[in-house]
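Listed below are the residues making up each chain.
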Amino acid sequence: MDALLAGFADSLTLSAVGFVSLGVLIGYVVGVLPGLSRPTALAVAVPLTYYMSPLAGIAFLIGISKASGAGGAITAILMNVPGEPNAAATCLDGYPLARQGKAHKALTIALYGSVIGDLFATVVLIIIAAPFAKIALAIGPVELSAILLFALTFIAGLSGPSLLKGLIAGALGLFLATVGLDIETATPRLTFGFLELSDGVPIMAIAIGILGLSEMILQIEDRFMGRESQAVHTAATDREKGGLTWNEFKGCLRTILRSCCIGTGIGVLPGLGATVATFAAYAAARRASTDPDSFGKGNLEGVAAAETADNAHVPASLIPLFALGLPSSLGAAILIGAFMVHGIAPGPLMFQRHARLIYGIYAAMLITSLVILVVGRIGLEGFALLARVPTTIITPIIIFLCVAGSYMEGSGMFGVYLMFGVAVFGYLLRKLDFSFVTLLIGFLIGPMFELSLRQSIIITHGNARALLDHPVAVAFLLLTVLSAWHLGRRQVAAPTG
Amino acid sequence: MRQADIRAAGVLIAAGLVTILFVIPHQTTPGNTFGLPPAFMPTLTMAIVVGLSVLLLLRSLVARKDTRPAPILAAEWWLLLKTGSLMLMAVIGVDVLGLPIGGGVGVAAFMVYLGERRPLPILATSIGTAGAVWALFVYVLKLPL
Numbered sequence: 001m002d003a004l005l006a007g008f009a010d011s012l013t014l015s016a017v018g019f020v021s022l023g024v025l026i027g028y029v030v031g032v033l034p035g036l037s038r039p040t041a042l043a044v045a046v047p048l049t050y051y052m053s054p055l056a057g058i059a060f061l062i063g064i065s066k067a068s069g070a071g072g073a074i075t076a077i078l079m080n081v082p083g084e085p086n087a088a089a090t091c092l093d094g095y096p097l098a099r100q101g102k103a104h105k106a107l108t109i110a111l112y113g114s115v116i117g118d119l120f121a122t123v124v125l126i127i128i129a130a131p132f133a134k135i136a137l138a139i140g141p142v143e144l145s146a147i148l149l150f151a152l153t154f155i156a157g158l159s160g161p162s163l164l165k166g167l168i169a170g171a172l173g174l175f176l177a178t179v180g181l182d183i184e185t186a187t188p189r190l191t192f193g194f195l196e197l198s199d200g201v202p203i204m205a206i207a208i209g210i211l212g213l214s215e216m217i218l219q220i221e222d223r224f225m226g227r228e229s230q231a232v233h234t235a236a237t238d239r240e241k242g243g244l245t246w247n248e249f250k251g252c253l254r255t256i257l258r259s260c261c262i263g264t265g266i267g268v269l270p271g272l273g274a275t276v277a278t279f280a281a282y283a284a285a286r287r288a289s290t291d292p293d294s295f296g297k298g299n300l301e302g303v304a305a306a307e308t309a310d311n312a313h314v315p316a317s318l319i320p321l322f323a324l325g326l327p328s329s330l331g332a333a334i335l336i337g338a339f340m341v342h343g344i345a346p347g348p349l350m351f352q353r354h355a356r357l358i359y360g361i362y363a364a365m366l367i368t369s370l371v372i373l374v375v376g377r378i379g380l381e382g383f384a385l386l387a388r389v390p391t392t393i394i395t396p397i398i399i400f401l402c403v404a405g406s407y408m409e410g411s412g413m414f415g416v417y418l419m420f421g422v423a424v425f426g427y428l429l430r431k432l433d434f435s436f437v438t439l440l441i442g443f444l445i446g447p448m449f450e451l452s453l454r455q456s457i458i459i460t461h462g463n464a465r466a467l468l469d470h471p472v473a474v475a476f477l478l479l480t481v482l483s484a485w486h487l488g489r490r491q492v493a494a495p496t497g
Numbered sequence: 001m002r003q004a005d006i007r008a009a010g011v012l013i014a015a016g017l018v019t020i021l022f023v024i025p026h027q028t029t030p031g032n033t034f035g036l037p038p039a040f041m042p043t044l045t046m047a048i049v050v051g052l053s054v055l056l057l058l059r060s061l062v063a064r065k066d067t068r069p070a071p072i073l074a075a076e077w078w079l080l081l082k083t084g085s086l087m088l089m090a091v092i093g094v095d096v097l098g099l100p101i102g103g104g105v106g107v108a109a110f111m112v113y114l115g116e117r118r119p120l121p122i123l124a125t126s127i128g129t130a131g132a133v134w135a136l137f138v139y140v141l142k143l144p145l
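Protein chains in written order, with this note's numbering: chain A, 1 to 497; chain B, 1 to 145.
These aren't lab readings, by the way, just hints derived from the structure by calculation. Hints are not guaranteed to be accurate.
Said to hold, decoys possible - So these bits of chain B aren't anywhere near chain A, every CB distance computed over 10 Å:
(1) Val-18
(2) Pro-42
(3) Val-49
(4) Leu-56
(5) Arg-59
(6) Ala-109
(7) Leu-136
Said to hold, decoys possible - What the simulated footprint calls covered on chain B by chain A, stretch by stretch (three residues with Cβ under 8 Å from a Cβ of chain A suffice, anywhere in the stretch; the number is not a length):
(8) 72–79
(9) 85–91
(10) 94–106
(11) 126–133
Using N, Cα and C, we set each Cβ at its ideal position, and we do this for glycine too.
Hey, can you work out the whole structure from these sequences and the hints?
Shown next as structure tokens:
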């Protein structure tokens, strides 16, 4: 109880609330700007947290993560351009509503849906993460190895068009994680004489290179190849004078609550991103509606469903991160990096060793929801103007921020050169349909996987029969095989790459 | 994509075998007499990469020819070369001139590369961004540049 009160008190300080608010403002800007995604912004922002307290740093990043979802709705509704891929479902009904002069209604229901979804999933996180962590503490290295293997296979199958390529990317990520001092002998491994690699490949060089800089290369390519999104500005001026009425909000409430459950449920499962959550919630809302034909033509429930599920996904994806140390999404994977740079290993032990920090993060997450509501209510139209900033200005600034962020990590220019190489590699991965998400997650869980695998081999004396003493591990290994078979078969049936 | 997959698998198999046979033995120590050697995990993961790449190669070889365009067109390779060279020059500029000046020049260069020709936005964006990052480092993070 002391840790709970202390944690909540920590997050109510001026500096913590200030960093949350700053994160929310940046998140809104990120969400509004087409092409700048949530993981990219998180990767670029992590180095900024080095010099903050762990609570302020994590709260700042969570503010960015949550608000970018809410901000993505603005361009989706006003310009039919999803600021984030997750906002694509919002376009379906948001843009028709804007064209009917109901942009303000659509923006308001999107904001309320976002905040309610976010609050719901945050409360679920608070309630179930700690009990999950207690169960997780009973998990030994053999079980943990099997769980990590299952998660990586599942993510590999779902995050790209080819399971095989996803698994290759995951194995490459695990390989990259072996660079640095060997965990058992503390001797250099694959460092090629570079002292900068003694602590392993710099996390931020990999994250910023793959997510940030390679994305910028792709955007520059799209611009020169004539594939840049042509935004159609609309509705901001001819919007209806009246706002959302209570009856309209009440009419959407059932959809919002249903979407809360869908977004939270999908957020907990590894690999199923927020885009899946938004489209699943949208489809469920349409199925449950008495007027399904109005979906796609400007139905408020369509906007509410997509936005609620999108924002419920973010806190829900932190449940496996906090309880098991397992990132179930790219955003959560980057948060692992942020925890690690502050010397905190995410996972069940975090509830024992850093209970005060955890409760502080919980409180900061609740505060973030309120700040999103306030900032959203005040600044919706102001943020909408940001969408008109041209890419000729935005892209060079982001490239510079990538360089500065990588420089800041501590390895200086070594990290910057490395990031540049990783960016080109990331570009090729994306173009050739190798899942960069799986590579990054493999890289981040690599040290944990190696440690648990080595311990498992010692415990079982390398004897596969000894696995029978670990039924949970056997169950997860079977699940791994089954999911690989199912996902692989599905992709063979519908080849995409 | 089929041709690209064959080439990608070929490169991965070759790179993987070189890593297993030459790089890992030279870049790891023998380790202790007990436990697993330091080379265990790198070798295991790279062997998985090679094994899966062989599967990808075989699958691509037996797959029907597809009519879709290559994942990276010739024009895109050329653009990658141009953009990559400019990025590398910008990084070298930061290395030589320092983060604020090199970064500011890099921002201006990229704006011109992307088609911006108006001097005022170029100057304002490059100086503003470099100045903001300099102020962040020196005054907020207390890191000398």
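Here is how each hint holds up against the structure:
1. Val-18: holds (13 Å)
2. Pro-42: violated (4 Å)
3. Val-49: violated (5 Å)
4. Leu-56: Since the minimum Cβ distance to chain A is about 5 Å, B/Leu-56 lies within 10 Å and the statement is violated.
5. Arg-59: With a cut-off of 10 Å, B/Arg-59 comes too close to chain A, as the shortest Cβ separation is near 7 Å.
6. Ala-109: Check fails; 8 Å does not lie beyond 10 Å.
7. Leu-136: Check fails; 8 Å does not lie beyond 10 Å.
8. 72–79: holds (count 4)
9. 85–91: Coverage by chain A holds here, the residue count being 4 at a Cβ distance below 8 Å.
10. 94–106: holds (count 5)
11. 126–133: holds (count 4)
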